[in-house]
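Go ahead and model the full structure; you've got the sequences and the hints to work with.
Chains as they are written, first to last, in the working numbering: chain A, 2 to 162; chain B, 8 to 768; chain C, 108 to 392.
There's no promise every hint is true.
[Stated by the list, open to error] Where chain B lies over chain A, by a calculated footprint (3+ residues, C-beta under 8 Å):
1) 112-120
2) 127-136
[As the list claims (entries may be wrong)] Simulated restraints, written as ranges between beta carbons of each label pair:
3) A:Ala-160 x B:Asp-448: 43 to 51 Å
4) C:Arg-165 x A:Asp-57: 21 to 29 Å
5) A:His-151 x B:Pro-140: 35 to 43 Å
6) C:Glu-250 x A:Asp-86: 53 to 61 Å
7) A:Glu-127 x C:Asp-371: 50 to 58 Å
8) A:Ser-159 x B:Asn-226: 23 to 31 Å
9) B:Ser-20 x C:Asp-371: 50 to 58 Å
10) B:Pro-604 x C:Gln-149: 43 to 51 Å
11) A:Ser-159 x C:Asn-189: 26 to 34 Å
12) B:Glu-358 x C:Asp-371: 44 to 52 Å
Bear in mind the hints are in silico, worked out from the structure with no lab data behind them.
Note that the Cβ used here is the ideal one computed from N, Cα and C, for glycine as well.
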Amino acid sequence: MSTQRVIHFQLNGEAIQVRVSAHDTLIDVLGDQCGLRGARESCGQGLCGCCTVYVDDKPVSGCLSLAWFVEGTSIRTIEGLAQNDCLDPVQNAFIEAGAFQCGFCTSGFIMMTKKLLEIDPNPSDETIRHYLIGNLCRCSAYPEIINAVHLAAQKLSSAQN
Amino acid sequence: MSHVSQTHQIGRSLPRLESLDKVTGRTEYIHHLRLPHMLHGKILRSTQPHAKIKSIDYSAAAALEGVYRVVTIDDIKTILPHPYYGPAFHDQPVLADGKVRFAGEPVAVVLASDRKIAEQALGLIDVRFEDLPAIYDEVEAAHSTTLVHDELKPAATFPDLQHLKGRRGTNIALDYRLRRGDVESAFKKADYIFEHQFRTQQVMHTPMEPFVSIADVANGYATLHTASQSPSFVRIEIARLLGWPENRVRVKVPFLGGGFGAKLYIKLEALVTALSLLVKRPVKISLTMEEQFFMVTRHPCTFDIKSGVTKDGRIIARECKVWWNGGAYADIGPRVTQKAGFTSAGPYDIENVSIDSYAVYTNRPPAGALRGFGAPQTAWAYESHMDLIAKELHLDPAQFRRKNILREGNLQASGTPMRDADIELAMDRVIDHLEWNKPYDRGTHLKRRGRGLAIGFKGITAPTTSVAIVNLYADGSCALYISTVDMGQGSDTVMAQIAGEILNIDAEKIKVIHPDTDVTPYDMGTLGSRSTFHMGTAVRLAAEDAQRKITELANELGLGPHSNLSLADMLKKKYGMQAGNIIGTGSYIPDYQKPDPSTGQSTKATPFWGVGASGAEVEVDMDTGEFTVLKLVNIADVGVPLNPQLVQAQLSGAGIMQYGFTITENMVFRDGQLTNGSLADYKIPSLLDMPKDYINETTKSYDQQGPFGGKGAGESTTIALSPAIGNAIADAIGVHIHDLPITPEVVFNAIKSARAKVGVS
Amino acid sequence: MSQLKIFDPKNLKEVFSIWQDDAHDARPLGGGTALMLMMKSQLYKPSALISLAQCDERFRGIERRGNSFSIGALTTFSELENNLQITTAFPIIAQTMHTLANPRVRNVATLGGNLAHADPHLDMPPVWCSLDAELHLIGPEGERHIKVMDLFAGYYETTLKPHELIMRVNLIAQDNWQRYYAKITTRSAHDWPALGLALGLKSNKGYCDDVRIILSAATDRPTRLYQTEKILRDQVLNAHTVAQCGDAAVQEAFISSDDRGSADYKYHLLRVYLQRRLMMLAGVL
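Here it is in structure tokens:
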């Protein structure tokens, strides 16, 4: 029997507590116990980005993170991006650019893109490709995704002005 | 409520109807579905490629706390007397039955409420094997006495395979043949004979949502929630396995997280059904990415191609021998063998053609449908072969193709005329993009540049049926009931556009009901670029039928032809309140003539042609063999693009996937064991792998038979892409690569061999 | 992986005490990414994990004294990448980070965990070696210092004593060195390298004052090519001497075949890339 404990953390701005086993990954807990389905386990090796969530504002692979260690942290998932029915500019950009097909990898791409644009508000194609190297899309919507990142950058900068 | 649209729906680059869900993480996939009282199943897989199962001791696993039950084929047989399935042959057991035929084959299942416990229990099961000789290569297996199956068992669903029933003593599951004219005489008359062999490797679709199915069987009814591209087929096959009528089996499919041909026919459905029937609880099996490599893959292929050519560059004879490595179970391999078979000689007008195409069993993971359905493997061969010939004859590769290309009205090797398939036009667009007729700077001796082009086509699986229902509700709002599966290609959106065009309703106002075989009518499957054409036509017919019924209602109510009463008001008039429906149905099966089994001849072997041409420019580091694809152009004929943005996404996406199959992807085996079955070691294209200059376009064309002039787009850019790159590399280094994938080491060795021939170190 | 215990010791003494207790069969955890991969693929099944998160402040922080840098082993790659002093003093670190895994891994993976994992395909270990970095180790028996080069005993094997932890990575910024890490992949761009080459060149008026040549990925551990370095030291830097270097490297290295390339091919890549990158670092191209 694995050790268990109740962990307390912020999930998309809401304080929650969940009973977890030592072996539970963060993606397991978010799916099984918190009812969230935006982040998904796909490759299981941290290579595809489908399980991307923010822990204390840093993108991590939920499939390689043990839930045990998110005690006291603040977690944000795709479900927490839109504010009051208002989509995040990155989400809007992805829709406008048609930057998804089956959508399974999309949450991960959006979460990483949002973080990229915080670090570099006007990234070049090269910067985008390198930053999103850990996000795989088998439908291969890559050209559209690059367009979406540029579009999101534009939206964010005009929102600021 | 008026839904009258002000614009045409066809030709709109409408964003996908489900966009909001996809960017907020709300999309429904089977991946995250949970049912009350559900058990998770984890599969124990064979470690041996070919062996008898001597014993399975799962006592320790069953005793592990939290394990509900461990199941083997013996348990399955108590509830399903004949637990074998498959679309072409009923050769695949629900769990290994006395024997395993590939390393990775399911042998037992552990059921538990906690999937981690189920996984842990796998390590406690002890299976004893007695190894048997194994065979892995398709050509060897075709001639070998090491047999994978004792007897062929054709499925009833494919009546043209019945002649194979009872066949024994061979690994050849199907041999397809096409004969036209007299190749032997023609070879004698030819001025030149060229013979080459080309090979393609085993690859896997790796959809980001791995295979997942849930069965809930209780009280004589079965419900399957499954990530499947072919819900109607699943219903039929599961009903057959259970011995039940179709109306007791319900199959539901939401969105798929990718399909690409993997999630077709039966994958996990038979297993979860058997398990649920056994334990009387819902059972879910969800594969890991690693396990996907053992579910279904793409056929490796060896293609021997021989052409007889005249002095002036006319191909007068072509002989094709194609061996398809189908792995341990046939899946849809026999169809690949036939459908890629009849186009194996390429899009060329050749008087004398002989094709022998063999589906071969080996002890590898099964091969099935993968985007392109065999066309990419055959195009790799015939287009590389064309360039080799052109080089020998000192002909420009484009000119050589032009001398021989199939044009409108020409009879293809099967005898079916080319219609609405302007391959030359596609090639011309590639030529424009590559500036083919301008002199080309081939770089320096250290960094050589090259360019290449290729063309290809494919025939569509036929004949197949699609049925659609349009349902207008009491307030005039509209729903479309179809069993086409949206796996990212945007079928929901396009089908809504087609219905909306007829009904004069904005597509985004139409609700597309997802496959639920209790509700949505029959569709053969979402595969092989057929949906736009077949289901699109069925939808059009259904919408037209609904339109007729609205007119009938208007007449019934005594309304004149110029009445502008809305449907909602008409229904209110008829029923006295908000009530009723207008239901239109449409069903479509294209014309088809079954090919003659000994000659492969048919006047209508395909309802439409898939057409693609590609061009590439590469730069090769002559010291290391490393190369960069500087420019990649794909031109596809999709008829009229019904939704240009979605078509663009299909062309581009299919191209990048095929790019992976050309350069970075390869399932590597040692003694029958897969050594690289995970994304850490099996490399699919990433953002950094995409060619910088990547162009995808459609030709201006119109398919006479297709809905609003449109036809399929999902596979067109997979066909000619690999040989375009291969030909470009050959142009740079002076030597052709014959086997995929093209890796830097392969190029390096080719450069070395070219230099050795010339006597240069 | 369904029987697991996690310990959250409050100090180093507790870490060692839990770790030394064989009954626990415990293993300390850095960022956990590599360990999680091994546990998920059932390659390694510890019964317990020991979190180092609270153990000791000496495992954290980046300190500088003049040209000397001391980096806590629990520093993440992201923290390293975003430290301007580090990236200014050691541009090779910034250059390597650019293609190291992906940002999510870099947010979590720690220097210490990465080194202790001893996977020969990793990017940073050969780079640390080329920088002559040292490790400050701490165990129940006490502390010691070793060169990073001496950490690796073989494939996934270190020379760490039982229950020894990497506490700090120390290195000195040196003038007049040109450095580069060549991550040579042969399949897709996001792959383990077939060959890793961490190079350092100190040149003076066209002569090689000093050089570091560390080979990784194609070998079972980061391997310094001492003989090859000797060939180049004090020589004029030109195509001829660099070519001799390439010859020597191919003789000195021991490379085996794998899915990323045959041994022959990798030897060839070693020769070509060593020559090219040395010429680049020498400013002669």
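Between Ser-20 of chain B and Asp-371 of chain C, is the Cβ distance one that fits in 50 to 58 Å? Since the Cβ atoms of Ser-20 of chain B and Asp-371 of chain C sit about 51 Å apart, the hinted range of 50 to 58 Å holds.
Taking 26 to 34 Å as the hint, is the beta-carbon distance of Ser-159 of chain A and Asn-189 of chain C inside that range? Since Ser-159 of chain A and Asn-189 of chain C have Cβ atoms about 28 Å apart, the given range 26 to 34 Å holds.
Given a hinted range of 53 to 61 Å, is it respected by the beta-carbon distance of Glu-250 of chain C and Asp-86 of chain A? The hint (53 to 61 Å, Cβ to Cβ) holds, given that Glu-250 of chain C and Asp-86 of chain A are roughly 57 Å apart.
Status of the given 21 to 29 Å range, CB of Asp-57 of chain A versus CB of Arg-165 of chain C: Since the Cβ atoms of Arg-165 of chain C and Asp-57 of chain A sit about 23 Å apart, the hinted range of 21 to 29 Å holds.
Quick one: are Glu-127 of chain A and Asp-371 of chain C within 50 to 58 Å, going by C-beta? 33 Å Cβ-Cβ, so the 50 to 58 Å window is violated.
Look at the Cβ atoms of Pro-604 of chain B and Gln-149 of chain C and judge whether their distance stays inside 43 to 51 Å. Roughly 50 Å apart at Cβ, these two residues keep to the hinted range, so it holds.
CB-CB spacing for Pro-140 of chain B and His-151 of chain A relative to the 35 to 43 Å hint: Given a distance of about 57 Å, which is not inside 35 to 43 Å, the answer is violated.
Whether chain B covers the region 112-120 of chain A (at least 3 residues having a Cβ closer than 8 Å to its Cβ atoms): Contact hint for the region 112-120 of chain A vs chain B: violated, 0 residues under 8 Å.
Confirm or reject the claim that Ala-160 of chain A and Asp-448 of chain B have a C-beta distance inside 43 to 51 Å. Hint holds: Cβ distance 46 Å, inside 43 to 51 Å.
If you check the beta carbons of Glu-358 of chain B and Asp-371 of chain C, does the distance land in 44 to 52 Å? 47 Å, holds
Confirm or reject the claim that Ser-159 of chain A and Asn-226 of chain B have a C-beta distance inside 23 to 31 Å. 60 Å, violated
Are there three or more residues in the region 127-136 of chain A whose C-beta lies closer than 8 Å to some C-beta of chain B? Since three or more residues must qualify, the claim that chain B covers the region 127-136 of chain A holds, with 6 doing so at under 8 Å.
In this structure, the earlier hints numbered 1, 5, 7 and 8 are contradicted, and the remaining ones agree with it.
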